[in-house]
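What follows is each chain in one-letter form.
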Amino acid sequence: MIAAATSGTLLLLGLALRRLRSEQIPQTAMLGAVFFLASLISIPIGPGGVHLLFSGLMGVVLGWAAIPAILVALLLQTLLVGHGGLLVLGVNALHIMLPALLCALLLAPLLRRRSPLQPFHVGAAAGALGCLASSALVAMTLALSGEEYLTAARLIVISHLPVAVIEAAVSGASIALIHRVSPRLLSAGGQA
Amino acid sequence: MSAPLLLNQPRANLLEHWDPRLRILVALLWALTVVSLQHPGTLLLAFVAVLFALVRLELLSSALLRRLLPLETLMLLLLMLLPFTLQRGGVWFQFGPLTAYWSGLERALGVTLKANSVVLALFPLVGTLSQAELAGALSRLGTPHKLVLLLQLTLRYIGVLQLEYQRLRQAMMVRAFRLGSDLHSLKTLGWLIGMLLVRSLERSERVLAAMKCRGFDGRLPGIGERLDWRVADTTRALLSALLLAVLVGADLLLG
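Chains as they are written, first to last, in my numbering: chain A, 1 to 192; chain B, 193 to 447.
Don't take every hint at face value.
As the list claims (entries may be wrong) - For lysine to aspartate or glutamate, the following DMTMM-like pairs were computed, each having C-alpha atoms within a straight-line distance of at most 20 Å:
(1) Lys338(B) to Glu23(A)
(2) Lys338(B) to Glu397(B)
(3) Lys404(B) to Glu23(A)
(4) Lys338(B) to Asp409(B)
(5) Lys338(B) to Glu417(B)
(6) Lys404(B) to Glu394(B)
Stated by the list, open to error - Computed from the model, here is a short list of chain A residues facing chain B with C-beta under 8 Å:
(7) Pro26
(8) Thr28
(9) Thr151
(10) Ala153
(11) Ile156
(12) Ala173
Note that these hints are calculated values from the structure, not bench results.
All C-beta atoms in this analysis are idealised placements derived from N, C-alpha and C, irrespective of residue type, glycine included.
My request is simple: use the sequences and hints to build the entire structure.
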């Protein structure tokens, strides 16, 4: 299964790199760095804290360019922070790339030109969808790797419900601000 | 540019002369080998080997151990869950309606050893490479140029944007903002991230203009050009392969 997921990641990466123009590289790197830092912010809940993934927000802002950006961010996370393993990088990447792409294709067009929807709501939808889709994919992977992980898979989905609410609020506010201050950032991502 | 990735770590002096490509390949092969091991004895041997290497290289520090915290939390969760969910083999203990099984404990311990051996080996081998070495080695190993460029720039801007983030957070702190889990906090955090994105878009346009000024046409010259493979690297490669072969062989013999 690791092999299948890794080849899926490589396929997506190949497609995305072909779409990525060289002029977009500095922008993608810069925005990718923001997401890398943002995912390190710990939001206090009760005694502990959660980190957000921002898969939805990344998809909406970066479009297809989110895919190489996610891979690079994960690679750096493995090397710098010691999160996750080297071999499951392909699996982890897919868990974040697919929701990002989903949000890029479904939600990003809603932000362009005249849309009846408020930017905040589109951003919140991206945040929630990204978070839930990522946790569902993680749970699916766990469930597929053995019956004994089924309980863990259920726990992951349930524990991500409140996280999705938080991610929705943060992503919504982000998109609302970007829409007001620099709308071209959103149109740039949609085309990419 | 030449600062190692793990900024507060000393350079691994014994590994410093290894070709960066070899270090990446050994890390990858090590991970593949460790994950394929079946017998608890060989797993333990692999883990002890990594620990021994870290001690020899004087890399075992509290900073390194702190980096392992998220991994160990996950492993702890697994240790608590698996004995109850992997219901096979002998019973370990019973606690009310719950029954814990030895096989679950064994599996969880195995996973913990594997994960730690892989991650701990990654630090001295790849984590102490400089940014230029990493980019060069990846490029020479056949990674697409766009991806290498992206990696190099991302790594650079993480440092730049971290300073910007700290500046913004400081400004918020002065205004008595404390991050909580209420809606106001979350919205403010969203605005903070939005602001970082907007500013970084503008910054990236300036960077692109500056790069074009210096003749950027999709490629940056010089990535990985200064790497040269020495005879000693071949010896090191063979020795590493031998170590991996011994581990796999022992595992096959025992298992």
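Structure-based check of all given hints:
1. Lys338(B) to Glu23(A): holds (10 Å)
2. Lys338(B) to Glu397(B): holds (18 Å)
3. Lys404(B) to Glu23(A): holds (9 Å)
4. Lys338(B) to Asp409(B): It holds: about 12 Å lies between the C-alpha atoms, which stays within 20 Å.
5. Lys338(B) to Glu417(B): Distance of about 16 Å is within 20 Å: holds.
6. Lys404(B) to Glu394(B): holds (16 Å)
7. Pro26: holds (4 Å)
8. Thr28: holds (6 Å)
9. Thr151: holds (5 Å)
10. Ala153: violated (10 Å)
11. Ile156: Hint on isoleucine 156(A): violated, closest Cβ of chain B at ~10 Å, above 8 Å.
12. Ala173: OK, holds: alanine 173(A) within 8 Å of chain B, min 3 Å.
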